[in-house]
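In the order they appear, the protein sequences are chains R and H.
Here the working numbering = 1-based position in the first sequence + 1393.
Here the working numbering = 1-based position in the second sequence + 1393.
Check before you lean on any hint, since a few could be wrong.
What the hints assert, rightly or not - Within a straight-line C-alpha distance of at most 30 Å, the following computed BS3-like cross-link-like pairs (lysine-lysine) qualify:
{"id": "1", "chain 1": "H", "residue 1": "K1767", "chain 2": "R", "residue 2": "K1535"}
{"id": "2", "chain 1": "R", "residue 1": "K1767", "chain 2": "H", "residue 2": "K1767"}
{"id": "3", "chain 1": "R", "residue 1": "K1662", "chain 2": "H", "residue 2": "K1592"}
{"id": "4", "chain 1": "R", "residue 1": "K1514", "chain 2": "H", "residue 2": "K1767"}
Unchecked claim - A short list of chain R residues far from chain H (calculated; beta carbon distances all over 10 Å):
{"id": "5", "residue": "G1459"}
{"id": "6", "residue": "Q1472"}
{"id": "7", "residue": "D1547"}
{"id": "8", "residue": "G1627"}
{"id": "9", "residue": "K1674"}
{"id": "10", "residue": "V1711"}
If you're looking for bench data, these hints aren't it; they were derived computationally from the structure.
Since the model is a prediction, treat every value here as computed from it, not as a measurement.
C-beta atoms are modelled at their ideal positions from N, C-alpha and C, and glycine is treated no differently.
Number of protein chains: 2
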Amino acid sequence: MDVTPQQMMQQTLIALTEQYQALPALNIDLTRGKPCSEQLALSNSLDSMIAGNYSSQDGVDTRNYGGIDGLPEAKALGQWLLDAPIDNILVGGNSSLTLMSQAMLIAYQFGLGGEPWQNAKFICPAPGYDRHFALCELFGIKMIPVAMNDDGPDMDAVEALIGEDRSIKGIWCVPKYSNPTGAVYSDEVVERIAKLGQKAGAEFKVFWDNAYSVHDLAEPAALSSLWQQAEAHGTLDNIVMFASTSKITHAGSGLAFLATSERNLADIKRFLGFITIGPDKVNQIRHSRLLNSPEALTRHMQAHADILRPKFEKVVEVLDRMLSGKGVAKWSNANGGYFISVDTAPGLASRTVALAGQAGVKFTPAGATFPYGKDPQDSNIRIAPSMASVDDVEQAMSVFCLCLKMAALEQGLAKFN
Amino acid sequence: MDVTPQQMMQQTLIALTEQYQALPALNIDLTRGKPCSEQLALSNSLDSMIAGNYSSQDGVDTRNYGGIDGLPEAKALGQWLLDAPIDNILVGGNSSLTLMSQAMLIAYQFGLGGEPWQNAKFICPAPGYDRHFALCELFGIKMIPVAMNDDGPDMDAVEALIGEDRSIKGIWCVPKYSNPTGAVYSDEVVERIAKLGQKAGAEFKVFWDNAYSVHDLAEPAALSSLWQQAEAHGTLDNIVMFASTSKITHAGSGLAFLATSERNLADIKRFLGFITIGPDKVNQIRHSRLLNSPEALTRHMQAHADILRPKFEKVVEVLDRMLSGKGVAKWSNANGGYFISVDTAPGLASRTVALAGQAGVKFTPAGATFPYGKDPQDSNIRIAPSMASVDDVEQAMSVFCLCLKMAALEQGLAKFN
Chain R
1394 MDVTPQQMMQ
1404 QTLIALTEQY
1414 QALPALNIDL
1424 TRGKPCSEQL
1434 ALSNSLDSMI
1444 AGNYSSQDGV
1454 DTRNYGGIDG
1464 LPEAKALGQW
1474 LLDAPIDNIL
1484 VGGNSSLTLM
1494 SQAMLIAYQF
1504 GLGGEPWQNA
1514 KFICPAPGYD
1524 RHFALCELFG
1534 IKMIPVAMND
1544 DGPDMDAVEA
1554 LIGEDRSIKG
1564 IWCVPKYSNP
1574 TGAVYSDEVV
1584 ERIAKLGQKA
1594 GAEFKVFWDN
1604 AYSVHDLAEP
1614 AALSSLWQQA
1624 EAHGTLDNIV
1634 MFASTSKITH
1644 AGSGLAFLAT
1654 SERNLADIKR
1664 FLGFITIGPD
1674 KVNQIRHSRL
1684 LNSPEALTRH
1694 MQAHADILRP
1704 KFEKVVEVLD
1714 RMLSGKGVAK
1724 WSNANGGYFI
1734 SVDTAPGLAS
1744 RTVALAGQAG
1754 VKFTPAGATF
1764 PYGKDPQDSN
1774 IRIAPSMASV
1784 DDVEQAMSVF
1794 CLCLKMAALE
1804 QGLAKFN
Chain H
1394 MDVTPQQMMQ
1404 QTLIALTEQY
1414 QALPALNIDL
1424 TRGKPCSEQL
1434 ALSNSLDSMI
1444 AGNYSSQDGV
1454 DTRNYGGIDG
1464 LPEAKALGQW
1474 LLDAPIDNIL
1484 VGGNSSLTLM
1494 SQAMLIAYQF
1504 GLGGEPWQNA
1514 KFICPAPGYD
1524 RHFALCELFG
1534 IKMIPVAMND
1544 DGPDMDAVEA
1554 LIGEDRSIKG
1564 IWCVPKYSNP
1574 TGAVYSDEVV
1584 ERIAKLGQKA
1594 GAEFKVFWDN
1604 AYSVHDLAEP
1614 AALSSLWQQA
1624 EAHGTLDNIV
1634 MFASTSKITH
1644 AGSGLAFLAT
1654 SERNLADIKR
1664 FLGFITIGPD
1674 KVNQIRHSRL
1684 LNSPEALTRH
1694 MQAHADILRP
1704 KFEKVVEVLD
1714 RMLSGKGVAK
1724 WSNANGGYFI
1734 SVDTAPGLAS
1744 RTVALAGQAG
1754 VKFTPAGATF
1764 PYGKDPQDSN
1774 IRIAPSMASV
1784 DDVEQAMSVF
1794 CLCLKMAALE
1804 QGLAKFN
């Protein structure tokens, strides 16, 4: 008697389910882009940078109050990360997310180089960073998703939206090794983004979160300078750039940076003058002494890459081995950043993450990479291998592939019912 | 021929003006309550507290992300400062002003244990802290001044206001060594403040900035526990307490603390979860290791007092010597905190500060200690002697007294015209 496709699928699912049930007890977490201990240890000499000398290069006693926009030597570090003029840099506390929230609050409530936002909408290339989307939710800013392509956001869609809706006040961008797809914006996309302000008006802001600007795993990808493009197109007031050392030194105790036009900077400094007497300047000199040249920064990041590369390679190796040619998923081969992004066939992401979770392997909840947590295809899964060991990554990804195959078979069989 | 009073005053003013014009070139700044270098050096061993051990008492790797409300050992320090239960403490970044602004933003925009504030008003005991008043201005909260007495705010006035106006949503308090008068709230005032919430409703918040809770210059003043009083009167949701180490360790790179009810804390932690992945925990363990017991904290503050006391005594000594019995001013004899407050006879403060400024001695602008910068009596001047040397304090205060006498004579003579 011939075996029907349905029977074959059933038998395969039974076999996979047996494998699944025979898995050992696991507890592996690939949800968040946290540096591992080995990476953190690369920056432990931060703690020996003061050695009794609390004086900045300009002779400021960093222990005392003051200096709302940061020390020049800390701004220099921001300049290397953001590719913007040193005079346009502001150095914040330990979190670029906080700077983003402050820029958004100022724009929304007080005006950032323009009138306060009213019923604002934001363009959100998706998949993207869940915490960006959460900030829009916090301030009640309506999110409009656009597709994220291999060379950046779908700029035809972005330009069309801006042309037809004046209430669009911004766009989120992670231009290099985008979270989670790893895409790097092409020169053309960067230029088109720089031009958006010409049509969108003074209140429109590109929130340019260059979180992974020096986080290369292979030959560094070239990213066109948004600052230069915006300068050329007269739209510097439309861009606000962010970076931090969170994934360079110690994740919780680093520095955050912002770069924008003088006009916007004046609004931001005015606001900060109300809510603080200045940032932690001692931590600024710790960082500027550890990372005291672009070359030192590059060497430091290469040491990170040496730790991270085997983990990223392992993710792709397991995906290649177990899923290639199966037609159930495609995935990125990230050259930098903190994530590998898997797009399953439609409708499989939630079930895959749930099955893996039940087996003790945690992935970021399906949907988290889309505005309002809703992935219309139920397809994108973000994988963050930095924190786990290479062995754990291998085990977790084997479980992942097993769960994805089970989800695909379940879906296929459901069609027969 | 008899000399008229007018002639006598004219002759005195001429003599004083000659003294004033003969002053050497000066550049002394008594505007801000900044610690001096000698005080900052008391905490330099902060920088040797890590020594390779980044682990918290509970084994948390403080270098990484996370821990939105702070480490237990850092909360303990907050507990000693705020006299509130450790579970109700939140540890922030380097600025209690930032925590205050965040609590105000949450209450105003999202609701802090209640509905968001609408057209809110705040009661502002005056003279008070200019940066408190500025936060109200930032958020468009209307300020209603009430008198600041020797035992705290005029509670009859406060209670009457709350009885008649439901849009009053809060009150600013600096309960111990109040900025700038040095007043310590009496037990009765603390209890009456704890009861305010019973009448004022859920949205009413006491912003209790206990900035100088351990900043004694003499025998510590006893401050009644607001937390206990609020607990007894069922108003814990109505109080939000703040403190920081800014005037304990390094002013720009310390820790800030907040204490409030579980209900309010949930709203604050929810908000913080949007805007940060956590505070600088490495700096938390630095501080908790340096100030590792209430006794260590007390010893540390005594060392501060030994540096500050001669400066405060010098201010009062010069005032006593040059102005006693002249009827042109009265002044506080602060037993702690960072300021001495002088109340001139009405109408003399601006002119005194201006004359001193022209002679190279800077005082906080007259009026700064009142809402909207308007002192109705033009009387209060805040003196901050911490940053200057004892010799500079003596010289600055001599100039101050000279200028005040000149202002008084000018005013007296103006009446004859």
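Checked hints:
1. K1767/H - K1535/R: violated (42 Å)
2. K1767/R - K1767/H: The given pair, whose Cα atoms are some 53 Å apart, is violated under the 30 Å limit.
3. K1662/R - K1592/H: violated (39 Å)
4. K1514/R - K1767/H: violated (40 Å)
5. G1459: violated (7 Å)
6. Q1472: About 22 Å separates Q1472/R from the closest Cβ of chain H, which puts it past 10 Å; holds.
7. D1547: holds (27 Å)
8. G1627: holds (31 Å)
9. K1674: violated (5 Å)
10. V1711: holds (26 Å)
Checked against the numbered hints above, the structure breaks hints 1, 2, 3, 4, 5 and 9 and satisfies the rest.
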